[in-house]
Every structure is written in structure tokens, then in C-alpha cells.
Amino acid sequence: MSVQLTETEVRHVAELAKLRLSDEEVAAFTHQLSAILDYAAQIQEVDTSAVPPTPYVLPLTNVMRDDEPAPGLDNAEALANAPDHDDGYFRVRAFFDE
Amino acid sequence: MKSKLQALTVHEALQGLAAGDFTSVQLTEACLAQIEAVDGQIRAFLQVTAEQALAQAEAADRRRAAGETAPLLGIPLAIKDVLATRGVETTCGSRILQGFVPPYSATAVRRLEEAGMVMLGKTNTDEFAMGSSTENSGYFPTRNPWDPERVPGGSSGGSAAAVAAQEALAALGTDTGGSVRQPASLCGVVGLKPSYGRVSRYGLVAYASSLDQIGTLTRDVEDAALLLNVIAGHDPLDSTSMPAPVPDYTAALTGDIRGLRIGLPAEYFVEGMQPAVEAAVRAAVEELARLGAEIVPIHLPNTDKALPVYYLVAPAEASANLARYDGVRFGFSAGAESMLENFRQTRGQGFGPEVKRRIMLGTYALSAGYYDAYYLKAQQVRTLIKRDFEEAFQQVDVIAGPVSPTTAFRIGEKVENPIEMYLSDIFTISVNLAGICGISVPCGFDEQGLPIGLQLIGPYLGEERILRVAHAYQQATDWHTRRPALAAL
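Sequence order for the protein chains is A and B.
FYI, the numbering for the first sequence is 3 to 100, going by the working numbering.
FYI, the numbering for the second sequence is 40 to 528, going by the working numbering.
Check each hint, because a few of them may be wrong.
Heads up, simulated DMTMM-like pairs for lysine to aspartate or glutamate below, C-alpha to C-alpha not over 25 Å straight-line [unchecked claim]:
(1) B:Lys453 / B:Asp343
(2) B:Lys453 / A:Asp40
(3) B:Lys425 / B:Glu306
(4) B:Lys453 / A:Glu27
(5) B:Lys453 / B:Glu486
(6) B:Lys43 / B:Asp100
(7) A:Lys20 / B:Glu393
(8) A:Lys20 / B:Glu380
(9) B:Lys425 / B:Glu503
(10) B:Lys453 / B:Asp186
(11) B:Lys425 / B:Asp411
(12) B:Lys43 / B:Glu90
(13) B:Lys453 / A:Glu26
(14) B:Lys453 / A:Asp25
(15) B:Lys425 / B:Glu333
(16) A:Lys20 / B:Asp411
(17) B:Lys43 / B:Glu75
(18) B:Lys425 / B:Asp343
(19) B:Lys453 / B:Glu306
(20) B:Lys425 / A:Glu9
(21) A:Lys20 / A:Glu70
(22) B:Lys425 / A:Glu27
(23) B:Lys453 / B:Asp365
(24) B:Lys453 / B:Glu317
(25) B:Lys43 / B:Asp277
(26) B:Lys453 / B:Glu188
(27) A:Lys20 / B:Asp365
(28) B:Lys425 / A:Asp49
(29) B:Lys453 / B:Asp485
(30) B:Lys43 / B:Asp517
(31) B:Lys425 / B:Asp277
(32) A:Lys20 / B:Glu376
(33) A:Lys20 / A:Glu9
Here's a subset of chain A near chain B, in silico, CB distances under 10 Å, partners left out [unchecked claim]:
(34) Leu35
(35) Tyr41
(36) Ile45
(37) Val53
(38) Met66
No wet-lab data here; the hints were simulated from the structure.
None of the values given here were measured: they were computed from a predicted structure.
Ideal Cβ positions, reconstructed from N, Cα and C, are used throughout, including at glycine.
Chain A on its own, in the form it takes in the complex (with noise of 0.2 Å):
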């Protein structure tokens, strides 16, 4: 199985994670993901018929906890480190233009 990815689709997958890209990027990545990818379709080899997936290795289920209120942080430290804010509230640009 070889793997070779186009420009389109690396841009694509670019617009999914909302990472702007130069055309030097775009070009670097479609061969450099094309790389990894082939070599990592040699996991397509192995035969995983009834082999369960493993996302998580502990061997914990439903970690529950009492829903107990409990102080967080106040505005001011929530709003600390924003670029920028407004009246106590995180400042965004118009959503709805596009």
C-alpha cells in the first residue's frame, strides 16, 4: 500500500484543523505526511481480526464523584491571560460575516 496524498487534500485537512498554511507549507506536508502515512500503513499488514481496540490502558471504568460545589477561578484569573476581553467577558470577532 502506498500512500501519496495531493495538495487539495492536504488543504483539505488543513481547513478541518483550522491551521493556515503557506504554499511551501502545503508542498513540504504533502510529501512529509505522505511519508509517515506509508510507513505507517505497514501496521495493515497485521492481522487484527478479533483483537479489541485499546484507547486507554488503565484498568479503571465510570470513575464517578459526588457532584460537590467547590470554589473555581474568579473572573479576573479567568479572564488573565486573554488576548482580549471586554466588561468580564472573553472579546471575540464577528462569527456569522463568512
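Keeping the supplied structure of chain A fixed, place chain B upon it in accordance with the hints.
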């Protein structure tokens, strides 16, 4: 007492402090002076918190004078910059978090503080811990104290270099695919990666959540046990931390490994590995046999699948975790006119090449039409890798092998070839995929005087076993006492 306080191990320093041979302020000043002298070239630190460190040292001395004790009272340590430190800038080595000051500390950091730590500063890392050389830092590369033309390994390269260059007595790192053990090996220090869930990840900035684990970089095994004693244990703030009791890890350091069965996996000695690495690791295994361990040849047949599995699983998790960098709540914002364009530009400009590469890879592997072929398939093969270890640990107590196929490589040597760089971690990644524990201990040098590490792997929550074997090995050898000359500095 050694003349240079910054060269002490943690346990030696604790003895000296308790005996009144020196104060924490003197010890901290010695570390800060060493940082001043060598860090211009090594560049292990992104930030040195000298003023705060001296204040903490004074407080520690006052507490000690008042008769108080604590496990690490007055001990100067360095913290990898992917761990949140309240009031101290935390960047993850990324431009996108430049200026970010966390409103809380990671649980591991808080526990060290409660145990009396003096924090010297934040150490350099590959951006978001993605890398094997610390060259992917968004700020500058760190250099190997044994040869400044070479990398210290990564991603905890700053922490490993700081400990090797005697800038800090010990340090915290993190290990997602080898990022504590591989730099420990390349810098000639001890690197412990505990089992997944042994140490709380609360306040560890997420890279790959099913693999990330906080570990220690120290000058010897006793120090690793001392630090693990403090940071291990369940944390209500991390539901993936294990609610298992924490033993006194120093009690495991008996020096006696007679009758212990140590597995030697055929798959960990591969064509293309540096001959000096293979020779040193095999000699170390012979030493373990001489100490009374039984060496058992074993197989871990899916070892060669670990790297491809990792480079699907870890980027997939990373692409989800790094979605939070949106230029709205914290960190860099490009200031573009529309919301969506601001997302694209903030992320496009704020992340470096390796982070973008992994976000792209993960997004692709999780996207429609590819999920089953890549991500799900990788999770299934991960099961087989985990089973390899479960079967091996039916036969043996501990597994021994190399940490990395080569010693420290030259800065710039592998940056253009991601797969070549990824191969640095072929012997460490399986341990993270299986969630078990591993330690790197110095076991020799190559012909150029670069350190080599022996890896000891234990089963889930088997930290006591690997610490015991590593400690017994250090009792019989002196590799871990060698320090870089730093003559060229």
C-alpha cells in the same frame, strides 16, 4: 562533603542540610551560579526564577531551623515547561503560549512544593513535548552538556541537560513516547517513566492523553525513588490517576536482585543500531547476571509495529487536544478580522512545523473515510503490543534493553527527515502504548565519550522492581557518577 554543592545528589543534599553542613540558600545559590556560568551555552532553561528560588530557599531554611522536616525541604529542582506553575510563565516551548501565566499549578508541582522544593525555573522542551531532540522548541535548541554540538535528546531535553550540567539537582520531565528516558540516556542521567496513571496529569498540558506521564530526571536511582515517593498517587483532579496505594519506593532499593528473572527481548537488538550501544547494553545485562539475576531470552513480536501505531495514536489525540489553542481565552492571537480567519492565522503562526505536522497527521487519521483504516487499526495493534508485554511478564520480572539505538546525534542532523527522528524512540514507545513503567540508567560511553543508557521495563505499577534492579546495577558500577567536563564552556 563534595566541594561543589550543585554536584550533589538529592539524598546527599538532604543529609548535608540535615547535618547543618550548608543551607538551602547556599545550595540554591550554587545552582544559580552554575546556571549563570554554563546555561548561556547549554540553554537548558526557558526561564530561571532566581528571586523566587532564593525566597523559597530562605523559607526552607527557616522551617528547618524551626525543627520542621519535609521530604525535599530546601532541594532545588527544575520543572519542564509543559507543567503548569502558578504565577510563573508556562509556554510548553511554544510561541502560541508565550506570556501565558497559569492560575494554578500541576498537582505534581504542588506536591513537590508541599514537600519543600525550591523551584529554579522552567526547562526547555520540544514544542508541546513533540520531538526527540529539543530542536523543536519554539525558542531555541538545548545543547548536550557532553558535547554542545549535539542534541540532549527530547522532548525533556532541557530537564536532562540541566541535571547533567549540574544546574539543578534533579528535574521533572514528561514521557509520551520516550521523552524522559531518551534524553536521560543521551545526557547520562537517570530517567524514570512511571506507569500510566501513577502520577496525576492535572496541570500537565495535554499532548497525547492516553500516553502522557510525568517522570523524573535525577543523578541516581535513589533520587528517582525519593521524587516518585512525593509525586505518585491518586488525585481527585485527574480521573485517570490510579487509586492504588503508594509504597515507599526507597524501601525497594535493597541491592539484592538474586533470583530475579530479567528478560532480554531479541527484537530490541536490531540491525542499524550503533555497535557501542549494543555492546554497552549487553555488558550491563552480564553485570546483572553476575549480581545473581537470571537472564531469560524473550520475544516481543510486535515491537516493530510500535512506531507506526504511535504516529497514528499520538497525533490523533494531539489534534484533538490542541484544538483549544484558538486565540480567544489565552495565548497568542493573530488579530485577524473574522473569527474563523483568526483561528486559522493564530494557529498557523503560533504553532511550529512539528506541531502542525502532527495536528495534520492526526486530523487526517481521524477524518471521514480514514478512521477505521488508521486510527481504529492502530488501537487494535496497540492491544497486541500490550499483550506482548503481558505474556513476557508471565515469564520474567523485568525486561532489559537499550533506550535509544544511538548516542546523542548532531544538532540539525535529523530535522529534515521526520521518520529518521521518530526512529530515536523505537525502544521506548511500546512502554507508553502498554501503559507500563521504564527507567533509563547510564551504562557506558561510546568511542566519542557520549553516554549510553540501559532501559529496564517493568509491568503495570512495577516501579519497585525496576528501581531495585537499576539501583543494584548502580551499586556495582560507577557510570552514573561520571559528569561532563564542561571544559569547552
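These are the hints, each one checked on the structure:
1. B:Lys453 / B:Asp343: At roughly 20 Å apart (the allowed maximum being 25 Å), Asp343 of chain B and Lys453 of chain B satisfy the hint.
2. B:Lys453 / A:Asp40: 19 Å, holds
3. B:Lys425 / B:Glu306: The hint holds at about 15 Å.
4. B:Lys453 / A:Glu27: Within the cut-off at roughly 18 Å; holds.
5. B:Lys453 / B:Glu486: 21 Å, holds
6. B:Lys43 / B:Asp100: 19 Å, holds
7. A:Lys20 / B:Glu393: Between Lys20 of chain A and Glu393 of chain B the Cα gap is close to 16 Å, so the pair holds against 25 Å.
8. A:Lys20 / B:Glu380: 8 Å, holds
9. B:Lys425 / B:Glu503: 20 Å, holds
10. B:Lys453 / B:Asp186: With Cα atoms ~17 Å apart, Lys453 of chain B and Asp186 of chain B stay inside 25 Å; holds.
11. B:Lys425 / B:Asp411: 20 Å, holds
12. B:Lys43 / B:Glu90: 21 Å, holds
13. B:Lys453 / A:Glu26: 20 Å, holds
14. B:Lys453 / A:Asp25: The given pair, whose Cα atoms are some 23 Å apart, holds under the 25 Å limit.
15. B:Lys425 / B:Glu333: 24 Å, holds
16. A:Lys20 / B:Asp411: 23 Å, holds
17. B:Lys43 / B:Glu75: Holds, because 15 Å separates the two Cα atoms, which is no more than 25 Å.
18. B:Lys425 / B:Asp343: 13 Å, holds
19. B:Lys453 / B:Glu306: Between Lys453 of chain B and Glu306 of chain B the Cα gap is close to 24 Å, so the pair holds against 25 Å.
20. B:Lys425 / A:Glu9: Status violated; Cα separation ~36 Å.
21. A:Lys20 / A:Glu70: Since the Cα atoms of Lys20 of chain A and Glu70 of chain A sit roughly 37 Å apart, the hinted pair is violated (cutoff 25 Å).
22. B:Lys425 / A:Glu27: At roughly 36 Å apart (the allowed maximum being 25 Å), Glu27 of chain A and Lys425 of chain B break the hint.
23. B:Lys453 / B:Asp365: 30 Å, violated
24. B:Lys453 / B:Glu317: Judged against 25 Å, a Cα distance of about 21 Å means the pair holds.
25. B:Lys43 / B:Asp277: 39 Å, violated
26. B:Lys453 / B:Glu188: 13 Å, holds
27. A:Lys20 / B:Asp365: Distance of about 9 Å is within 25 Å: holds.
28. B:Lys425 / A:Asp49: 15 Å, holds
29. B:Lys453 / B:Asp485: Since the Cα atoms of Lys453 of chain B and Asp485 of chain B sit roughly 20 Å apart, the hinted pair holds (cutoff 25 Å).
30. B:Lys43 / B:Asp517: 19 Å, holds
31. B:Lys425 / B:Asp277: Holds. Lys425 of chain B to Asp277 of chain B sits at ~23 Å (cutoff 25 Å).
32. A:Lys20 / B:Glu376: 15 Å, holds
33. A:Lys20 / A:Glu9: 16 Å, holds
34. Leu35: Check passed: Cβ of Leu35 of chain A comes within 6 Å of chain B, closer than 10 Å.
35. Tyr41: 6 Å, holds
36. Ile45: 5 Å, holds
37. Val53: Holds - the Cβ of Val53 of chain A comes within 10 Å of chain B, reaching about 5 Å at its closest.
38. Met66: 9 Å, holds
Against the hints set out earlier in the document, violations occur for numbers 20, 21, 22, 23, 25.
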